[in-house]
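There are 6 protein chains.
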Amino acid sequence: MWLNLSSIFRTLSHDPSVRAVVLTGSGDRAFTAGLDVQAASEGGTLTGAGPSDTARKANGIRRHILEFQSCITDLEKCEKPVIAVLHGVSFGLALDMSLACDIRVATSDARISVKEVDIGIAADIGTLSRLPHSVGNLSWVKDVALSARIFGAEEALRVGLVSSVYKDKKEAVDGALKLAALIASKSPVATLGTKEIINYSRDKPIVDGLNYTAVWNAAMLQTQDVKDAMLSGLQKRTPKFSKL
Amino acid sequence: MWLNLSSIFRTLSHDPSVRAVVLTGSGDRAFTAGLDVQAASEGGTLTGAGPSDTARKANGIRRHILEFQSCITDLEKCEKPVIAVLHGVSFGLALDMSLACDIRVATSDARISVKEVDIGIAADIGTLSRLPHSVGNLSWVKDVALSARIFGAEEALRVGLVSSVYKDKKEAVDGALKLAALIASKSPVATLGTKEIINYSRDKPIVDGLNYTAVWNAAMLQTQDVKDAMLSGLQKRTPKFSKL
Amino acid sequence: MWLNLSSIFRTLSHDPSVRAVVLTGSGDRAFTAGLDVQAASEGGTLTGAGPSDTARKANGIRRHILEFQSCITDLEKCEKPVIAVLHGVSFGLALDMSLACDIRVATSDARISVKEVDIGIAADIGTLSRLPHSVGNLSWVKDVALSARIFGAEEALRVGLVSSVYKDKKEAVDGALKLAALIASKSPVATLGTKEIINYSRDKPIVDGLNYTAVWNAAMLQTQDVKDAMLSGLQKRTPKFSKL
Amino acid sequence: MWLNLSSIFRTLSHDPSVRAVVLTGSGDRAFTAGLDVQAASEGGTLTGAGPSDTARKANGIRRHILEFQSCITDLEKCEKPVIAVLHGVSFGLALDMSLACDIRVATSDARISVKEVDIGIAADIGTLSRLPHSVGNLSWVKDVALSARIFGAEEALRVGLVSSVYKDKKEAVDGALKLAALIASKSPVATLGTKEIINYSRDKPIVDGLNYTAVWNAAMLQTQDVKDAMLSGLQKRTPKFSKL
Amino acid sequence: MWLNLSSIFRTLSHDPSVRAVVLTGSGDRAFTAGLDVQAASEGGTLTGAGPSDTARKANGIRRHILEFQSCITDLEKCEKPVIAVLHGVSFGLALDMSLACDIRVATSDARISVKEVDIGIAADIGTLSRLPHSVGNLSWVKDVALSARIFGAEEALRVGLVSSVYKDKKEAVDGALKLAALIASKSPVATLGTKEIINYSRDKPIVDGLNYTAVWNAAMLQTQDVKDAMLSGLQKRTPKFSKL
Amino acid sequence: MWLNLSSIFRTLSHDPSVRAVVLTGSGDRAFTAGLDVQAASEGGTLTGAGPSDTARKANGIRRHILEFQSCITDLEKCEKPVIAVLHGVSFGLALDMSLACDIRVATSDARISVKEVDIGIAADIGTLSRLPHSVGNLSWVKDVALSARIFGAEEALRVGLVSSVYKDKKEAVDGALKLAALIASKSPVATLGTKEIINYSRDKPIVDGLNYTAVWNAAMLQTQDVKDAMLSGLQKRTPKFSKL
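Residue numbers (the working numbering), protein chains in the order written: chain A, 1 to 244; chain B, 1 to 244; chain C, 1 to 244; chain D, 1 to 244; chain E, 1 to 244; chain F, 1 to 244.
The set of hints was computed from the structure by calculation and includes no laboratory data.
Given the structure is predicted, the values throughout are model-derived calculations rather than measurements.
Where hints are given, some of them may not hold.
As the list claims (entries may be wrong) - Quick list of the computed label-pair ranges, beta carbon to beta carbon:
1) E:Arg149 with B:Lys236: 54 to 64 Å
2) F:Asp168 with A:Ser52: 45 to 55 Å
3) D:Pro16 with E:Lys178: 49 to 59 Å
Note that beta-carbon positions come from the ideal geometry of N, C-alpha and C, so glycine has one too.
In isolation and in its complexed conformation, chain A is listed as follows (with noise of 0.2 Å):
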């Protein structure tokens, strides 16, 4: 399945007609409830079933755990925004997956946790990593990390998990939707360059994020849909940009 996500967000990262995706579960009741406990506690990969040898399982389990951050990775990669909407139970892999997304909105009835701990794992497709760089609250991350307690779309929404809640899932995406609507509007010369630089920021001092930011831009402000939008802005009329 890790597999096939990937998969569908490369696809939709080099598809020109795409400009914004909307992410979120099937049904009302669950973005994910994460790991299937069940499956993995008889398939035995979650724990490095195979040689005896406890470095070589412990060199299976590394590869296996790469190629699955691989995959989650692949939305964080994506050209295009990508918007997640939680609601319902959304347990481990629905933060490993939604904290590689651009934009997080929530359902009032979203119940999250990074319930990882409660199976003796230390989360590790992706949560750890990037909640502290997603959330500016250490206090509170270390909190529902080490706790593994479920907490509420509000409490999401005050230390800064989501960005907005909804009262239910068919508000949330369209919520969402709308969102996506409105970024898919713009040129997607600026969007993608504008992810780019967050994420490269990100992770970066401002000095190395400011010279990044200059090289980027030397080639795309060459685009035609600068003067599109400046003329159209002039004008009062909405340009029509071409695909990316």
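Starting from the known structure of chain A, arrange chains B, C, D, E and F on it as the hints suggest.
Frame of chain A, contents of chains B, C, D, E and F only:
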């Protein structure tokens, strides 16, 4: 104009009679509405008029952005704390500039926007690099940067873009000046170190920040100001520090 | 005293019977009022009494700060999660110490301040390095660090310096102990990994955090705790993990 | 072809029967003469045929370079040590490829060049990024990269680009195979760790390298290979390690 | 004088008629003997005459060093490749300056020294920062930097501080000019990119260097120079590139 | 023994009567043959005897490696320059130790090896992290680290692992003492700064190294040593510096 701004802040930085700086827009209407699109659209500097070869044009744009960024970074490099008062229309360069300041306050009527996407541009004078290090809500950062939507002072306060909101510009400037006066009453050696170490640490692992602090204070703790400040504290009187 | 504190936390870190730690001040009045200015002013250690040569004095100060920082960093390095309860007067070293803890809670009467500027010093035992990585509101961080103004628990909660506020010290310690007990009921392998990976990732680009996680879990997923935790989950009973 | 190369090395990386890899050109004439300029000049892929908008063309080029680099980086990521034998004409991509290998040897007739400048390009498939981390003579690195001059095996040995020079291709391949066989006789757990930790440390401060090593070996020292290797050493016999 | 040097190199950097720069001392005796100790000892600028307060004096020294370093760094930032010819006495600032150049050559009579330790100073205008990234023999770097011993051109060549040695100054300048002419015959877009990417990559992990290269070349590969260079190559004639 | 070594170097670091340190093996036969495999194989500390749970055993190993590394890093942290004399058998820990020293010299009979791979281990006490930053020939680094082959002093000199080779141990120690005496005759403020800034810069981008240097020298240039050294230079007499 940006070269002037830079020159002013380089002077303020070393001027011994300056202890803190308040930066705001003139008049009530706007901090700044950002780039003058009309002029830019006519002048063509933005989109790199000049050589017809794409690479040579790109290098001209790169030079131009780097020089522009460098002017704005002179606000950040100013040895004295700088407080920005955002009011009224605060678009585009308003954020580039105020994010290079140390403290941001706003009036309740402030209308703020990362406006660049609306003219087909990924903001390139600092906003996209400094915002993720100034506001701990990455979902919100991307929401406003990708959508260019206008937000108000209360939202800015809630997400941590500004640290205070005032009723109107008069009160905001009064508040900023009061804060500036408070800071100016402290040892200028201590405030310089505080600003410098926070900026250094923001960009670096904790362990590097700690070591830098130790090297910095190796000289700075030898100041007479420490003795004066401690003695004044014990004697319940206000110390007076010499200029920096 | 700081050497003692360090020694205690190095012991707690490796003591197999410890699963989580709560740190607070004794008595009701204060977590700590910070440096004893009277003593420091008489002893002269702060300002580097000793050799008269500026460089040699500087190196003495540097050694002293590095040693002091290293004691406080032992709280951060403690393998077991540490919860700080800020209450009453919480000045100066109160922040250096609690920012090296994992989770911060406060009582409603807490009066908190980055007090060092008031004695002519840029705080050098960790506050200025850890604050920008713990609180996602850089304007507020500089506001309080440059002004040394005293703020309360509600403000600390709003900006994300603490993650909970309690009515008084008794309730706060009860709350902290309850949280500690909850954390202590989880697999100590999982909580160690969670703390370690968050701290590593806080200081590094996402891609480095992900890779580190994979290497870390290559060994840690082989623990019996995962099997026990999953089985207990399926059987709806409380697992019991052996000591670390 | 590059996608094939990538696919081959991803297979070799995980193939349990592979312990070390030797990479060389077929025939005697060349490791590779680099890009086929004739084809590139006709095909236009190099210079980004496709959309006429400069920004969209730029993004197409960026995607193409990233994909190409990723193929070459799969040599570096290969879990098994890779030895490159440079011989005859070794231009352009010969360096991109061999710098992604672990060990480089050359024949005495090798004619090596960072050739890209001669076709108007700053080498972009890895040479300019890996060369300054592989050769400790930055003046020489820039000399050959800026001038595209052809240099021989002796010069490559003197500056440290290659670690051995052989009379001709036959002897070079023999030498490389002998070295590969020697490496293959060691514990594959130990050689994987050695490659991984050197690559990690090359890119990071010492303190990070040390910590990573400790986490890596926390699992890897638990291998049976250590016991077997030590026992064999004491008993003066050759250990035999199971596959990785 | 250093402000002049900086100003000259800022001009050369953007002057379209400049393609490469050769920097050497005037006369035969010396590249430079470094700081004029007599003058420095009288003027007192080196040791921070001025305010009597240690911290204020320290800040004055810091400002002075940063400004001085910035002048020398303008050699490194120059968009055109710079070749330094070390000859005769090449002490102290001779290394600070030539290490900020791209390529270093020497005459056989060059007498080189990291001389600063002999006047009680850790070299602070760049030598100690650039030397470990320019020469891959850290033991030798510390040997000469700690002892201030004078070494010759052959030793400099052997350890990789310079990439060529010439009989005397005339031949060295001829050699440097020949190399400069060769570089000047290449596409200025390609040489700028080559210099920029090597400098970037020298300071960063490989993965960052690769990504930066892709963004850089996204614009630069669109240059007419690539087509001209490839066509000239196929037609065996010398291309002529327009100015940068 | 390693705890003793650490303790000795922590004392040497702060002992005012020490100006430089020479480290060598006792006797003629060996610097060190590395780990006592017989003892390690019996004691089991290397391979993590103790708890049977893989994760708990892993954490025990991690603690042990970190503590061991920390002992060796105390050589690097020693404020006084340390010169290592490699002679005779110099295997395994001989490299871990000498790479943490500032300067390495060898006798012509030295037989050096990164021996760990031969006992199934990726060297974990520092060699693999420090070697790529000490020797600028990454191909050679991997060659010797992956093959564990024994190499001699001439090869070590050629690739830059050592900076001098002496006929035998007596001459090597004499040479090292002569160099130590030369270094000891310089200002201890200047040599401390030189060591510290080189180590800092080795691990960081140039721009960070430059800034750190300016902050470091802000205090250190205020030393009397600069005046004494300059005056002595002008008067052609030997300065005498007070202790550090």
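CB-CB spacing for Ser52 (chain A) and Asp168 (chain F) relative to the 45 to 55 Å hint: Given a distance of about 51 Å, which is inside 45 to 55 Å, the answer is holds.
Between Arg149 (chain E) and Lys236 (chain B), is the Cβ distance one that fits in 54 to 64 Å? This hint holds: roughly 59 Å between Cβ atoms.
Could you say whether the range 49 to 59 Å given as a hint is met by the Cβ separation of Pro16 (chain D) and Lys178 (chain E)? Holds - the Cβ-Cβ distance for Pro16 (chain D) and Lys178 (chain E), about 54 Å, lies within 49 to 59 Å.
Against the hints set out earlier in the document, no violation occurs for any number.
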